[in-house]
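J.: Protein chains in written order, with my numbering: chain A, 4 to 808; chain B, 620 to 913.
Heads up, some of the hints might be wrong.
[Said to hold, decoys possible] In silico lysine-lysine, DSS-like type, Cα no more than 25 Å apart, as pairs:
#1 B:662 to A:701
#2 A:127 to B:662
#3 A:578 to A:5
#4 B:869 to A:782
#5 A:309 to A:395
#6 A:667 to A:631
#7 B:869 to A:448
#8 A:69 to B:662
#9 A:667 to A:5
#10 B:729 to B:778
#11 A:602 to A:584
#12 A:123 to B:662
#13 A:247 to A:281
#14 A:123 to A:281
#15 A:395 to A:442
#16 A:307 to A:317
#17 B:662 to A:67
#18 A:448 to A:783
#19 A:667 to A:20
#20 A:782 to A:440
#21 A:317 to A:188
#22 A:406 to A:440
#23 B:869 to A:783
#24 A:188 to A:406
[Stated by the list, open to error] Quick list of simulated restraints, FRET-style, between CB atoms:
#25 A:64 to B:626: 21 to 27 Å
#26 A:164 to B:646: 52 to 58 Å
#27 A:630 to B:726: 52 to 58 Å
Just so you know, the hints here were simulated from the structure itself, not pulled from any lab data.
Note that beta-carbon positions come from the ideal geometry of N, C-alpha and C, so glycine has one too.
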Amino acid sequence: MKQTVTRNGVGAWTTRKYDHEKAVGTLAFTDDLRFGPELLHARAFRSTKAHAEIVSIDVSEAMKVKGVVKVVVGENFVHRFGLYLHDRTPLAVGKVRYVGEPVALVVAETEEAAEEGMLKVTAKYRDLPPVFDPIKAATDNSVLVHPELETYEHVPFITPFPGTNIANWFRIRRGDVEKAFAESKYVVEEAVNCPQIAHGFLEPHCCICKEELSTGNLTIWSTAQSAFALREIIATGLGYPLAKIRVIAPPIGGGFGGKAGMTVEALCLAGAMDPDIKGRPVKLYIPREEVMLTSWVRQAYIAKIKLGIDADGKITAIKNNFYFDTGISAEYGANPVRSAGYSSTGCYYIPNVWTDSYAVYTNKPFGGAYRGFGLPELMGAMEVVIDIAARKIGMDPIEFRLKNMLRTGLPTCTGMPMNAHSLDTIVEKIVDRMKLKEKEPAKRKGWVRGKGFALALKAPAMPADASSSAIVKILGDGGVEVLAATMDMGQGAYTAYAQIASEELGIPIEKIRCYYPDTQSHPYDWQTVASRSCWSMGMAVKRAATDAREKLLALYAEFWQTDPETITIEHGIVKCKAKGKAEPIDVQVQNGFFMPSGKFVGGPIIGSGTFVPPDVVNPDPETGQSPKSVVHFTVGAVGVDVEVDPATGAVEVNKVSAGYDIGKAVSPMNVRGQIEGGTVQGISAGLMEAMYYDEHGKLLTPDFTDYKIATSMDVPGEVDAFWEETPEELSPYGNRGVAEHSMISPAPAINNALFDALGIRIHTYPTGRERVYKAIQEKKRGETDIWEYPYALEQSYKNAVKEWK
Amino acid sequence: MSMLAFELERPRDLASAVESLGRHGSRAMLKAGGTDVIVWMHKHAVQPEVLVDLSEVPELGGISFYPHRGIKIGAMATVNQVGTHEDARVHYGALVDACLSHSDPLIRNKATVVGNVCAAVPSGDLIPAFSVYEAVMHVYGPGGERDIAFADFITGPRKNSLAPGEIVVSATLPMPSGRSAACYIKLGRRNALDLAQVGVACLAMQGSKGAEYRLAYGAVSPRPVRAAEAEDILAGSESPDEALLDRAAKAAAAAVNPITDVRAGREYRLSMVEELTRRAVSICAERLTGRESR
Ligand SMILES: Cc1cc2nc3c(=O)[nH]c(=O)nc-3n(C[C@H](O)[C@H](O)[C@H](O)COP(=O)(O)OP(=O)(O)OC[C@H]3O[C@@H](n4cnc5c(N)ncnc54)[C@H](O)[C@@H]3O)c2cc1C
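Produce the entire structure from the sequences given, and follow the hints as far as they go.
T.: This is the structure we're talking about:
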């Protein structure tokens, strides 16, 4: 029998934790913390070369600037860091590998002095040939970005290839693709590419580090998604014990993966741990123009997909070649490559699979975690190729998808059986809501209209043994504190945990608080990434709350001389009908109960809970096969309705509908927020986002003047967000991940809608106005496809007409 | 990037502002709304040691309209003030369109119209409107007052013809003669908060010899550019047909000289000059022959 009653438990629509402080503006972010006059400020001096040996660095003029304390260079702090592969030094050592790489760190008494000092540092370089094109980098080893690759440590499930630019090569080998192609009626082979894109979080990176002089203990305040992973990466990189490092993660202003792992902290530590500086806190604030140069962005990709299809329209084989452009580091970027690889049949059941998914080093800012983690890349290509294939074989693209759908129990490309889901219901609903099978006239004069559709799928991408733990404390007035080291960066994790605690404890949500992570007080959690938190940490919080409840019930049972089963907690009131008792939780749960036995029993009630996925097996490195490669897949679909102005290439999204099978909406308000937000982010990425470089590898879109993100004027006023609830077996409440998924398929759905509207296929993202206009012109010339290679675009700057100068 | 230390001076009248500029010479720069100069300081593209803030100079505020002389825009009039000004809305369609296409409502509350023009960035949204209305810049400086015709005002990207120590006090956009209609069409990468890839201002006026057109372009040449040949092609035609529009559009494309940069390619810009010319002229012609003058 359920022993708790609450109004704001699991599944309730509630207001969100911390929204009030955010709206009022009093929530303190990292940059708002104050450290008094002790605080020093750090500023990075950056490389102007894409690939060069450092001949010399002259800091003498910088040291003359009033207030400059020290200029640290790479040789002063040679430590390699990385989550999966230790290929990153915070400052360039010996060589620079991209334009914008930190070469020296100026530490000064004031921000202005640090800035002025930075402007006075100079460096001499000896040019090396750079490589920007990932296909070239992968297939021709004349330029090696990391000749020392073989000396880098890495986790066992990453396979770098020393002597090449391949930082990770993930493979699936299943069945016999060549035989299947030979026997199939149709073979369709298509390629899609997409440049790097950036997270565009509102709050730039900021970090304060301090080394305590007498003990060497480090304290790090940082805009970090994952306090514990950050601590571990720093500890490993420095050879430090975990207990000597404390990470405090204040609220962050958006992350989207861009603040996962370790980002700017080691660079700040290069200052704070310097012998001339240690003891004083050092602050490193990354200005907006340098965010994309300092930490990772989403990898660019070129995907080639070949499908074999039989006379019935069944896909019999797939061969995938994915080149992920990971820039100069794959420390984190090695894993989206793997994630795309082990999901590389998408939402389809395909018996014969051959996948090569590569992380390729180039001389560019580096790629890493970004909402969707390999899947927007995979689906951005696959859902377009599926659409092309369906049309080629004369089948309706939605029927083609339904026919080949990865239904419950069928094996994925790793051989693991697919979990339960209702993707077909979602497809049906979207077809209906968007009238996908009807052609409708354009609403705007002279424009053309089209509709598109795409499926989405994603599993939490994490090591097999990513664990979580939580503590739930019941306070002396019936309040509750939850210590769960998830970062609530807007996704609403703390609201969900409060709902879980409320559900399990029968205590109203208003009395429940959840605090931002501090490794000193919170128990361990791997990371706030992978759409895993409400599932994995949700498990730990549920267990901790259950533990606390059981402790509390046992105490009341002894106190009232009854069985714990006869007691309920209803809206914070502990009741026993049989004994006629109803008392609010009070100070006894803190100080102990004076029991009929004449003794105090109890003391503060602390519940604890831990969780680790019990049965995930990392895929075999040769074949990618595993009985359970991931914990579960969340599936969904997106339908869009667009209009194009053929005279300018302008695209307007009339309507979008997005549905996912999330198992259970623990916190519906937040689920809705995640679907809406991710859909908008996906539309933005598909329509306009791109990082562009000149021919020397200099980023041309470092800030929001030219890195364009959709505004509210560029997206439909409403996102039709919905979900299905087919429960997950191993899960706190049947719920699965949902946070990243909504970002995955808006872009391919738009691509398919543009084809529907224009009759020409655009193989390159983003589908901005100029590109769409070009496609329309190509169509007039009789072309059926347009492909613009981003690396050729870089070349075009060479030939650009720059007569104005 | 963050700002280096600088001094801020906030003169209380025009004479002190000019005096300030004179005293500091090339070490000083003016700030009106600051939405351009502060950003550039932040990026170290300019590094004034002294910033002379005009926001407390009473002579620089205000917008006045006299049916005979036109509209006079004070140097501190914000983009939103001009964009929502009643007389501007009735008589200066291209000016108002340009204001409302500029950035977003927040920035428009700070940014000034005159600052936009003084900054002389080729994509400046107000520049084509100033061109078609043949604005006159009223300048005050060490040598006293003088007027500069807008055609002579901008000399290149981020360059204007102000002498050292001179301040633009206001600008007058003369009243278009007779019935008129005007518009500004801006093409950007998204629907708000973008710099123009191409901007087209068109003014059509009902004269004694029939309709007369003025066409000016933004973001497609280093200096403001009027499409004189296109204007001639259209002259006299109240409802230009497709063929005439096409000829005018081609002539406009021949008048501009865009670059390829990260915002757009030269080819696309040229195509869009043609397209937007056709649209702007059609809109103005329709409005001119209709009831309302705008
Ligand atoms: C977020 C954002 C969005 C923007 N969007 C747009 C846009 O959509 N379209 C667009 O065209 N621009 C845009 N801009 C650029 C800029 O803000 C505008 O050009 C703005 O109108 C400049 O006005 P201001 O008053 O802020 O100029 P300021 O920055 O104060 O001054 C600009 C320049 O003019 C000089 N100056 C100013 N006043 C005078 C004067 N009276 N006499 C002599 N010189 C003077 C200054 O010294 C400076 O060099 C944007 C800027 C930002 C930050």
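J.: Would you mind marking each hint as holding or not holding in the structure?
T.: To see whether the hints hold, each was checked on the structure:
no., hint, verdict
1, B:662 to A:701, "16 Å, holds"
2, A:127 to B:662, "23 Å, holds"
3, A:578 to A:5, "13 Å, holds"
4, B:869 to A:782, "22 Å, holds"
5, A:309 to A:395, "13 Å, holds"
6, A:667 to A:631, "22 Å, holds"
7, B:869 to A:448, "24 Å, holds"
8, A:69 to B:662, "21 Å, holds"
9, A:667 to A:5, "19 Å, holds"
10, B:729 to B:778, "22 Å, holds"
11, A:602 to A:584, "21 Å, holds"
12, A:123 to B:662, "15 Å, holds"
13, A:247 to A:281, "15 Å, holds"
14, A:123 to A:281, "24 Å, holds"
15, A:395 to A:442, "20 Å, holds"
16, A:307 to A:317, "20 Å, holds"
17, B:662 to A:67, "22 Å, holds"
18, A:448 to A:783, "20 Å, holds"
19, A:667 to A:20, "20 Å, holds"
20, A:782 to A:440, "24 Å, holds"
21, A:317 to A:188, "10 Å, holds"
22, A:406 to A:440, "17 Å, holds"
23, B:869 to A:783, "19 Å, holds"
24, A:188 to A:406, "16 Å, holds"
25, A:64 to B:626: 21 to 27 Å, "23 Å, holds"
26, A:164 to B:646: 52 to 58 Å, "57 Å, holds"
27, A:630 to B:726: 52 to 58 Å, "57 Å, holds"
In this structure, none of the earlier numbered hints is contradicted; all agree with it.
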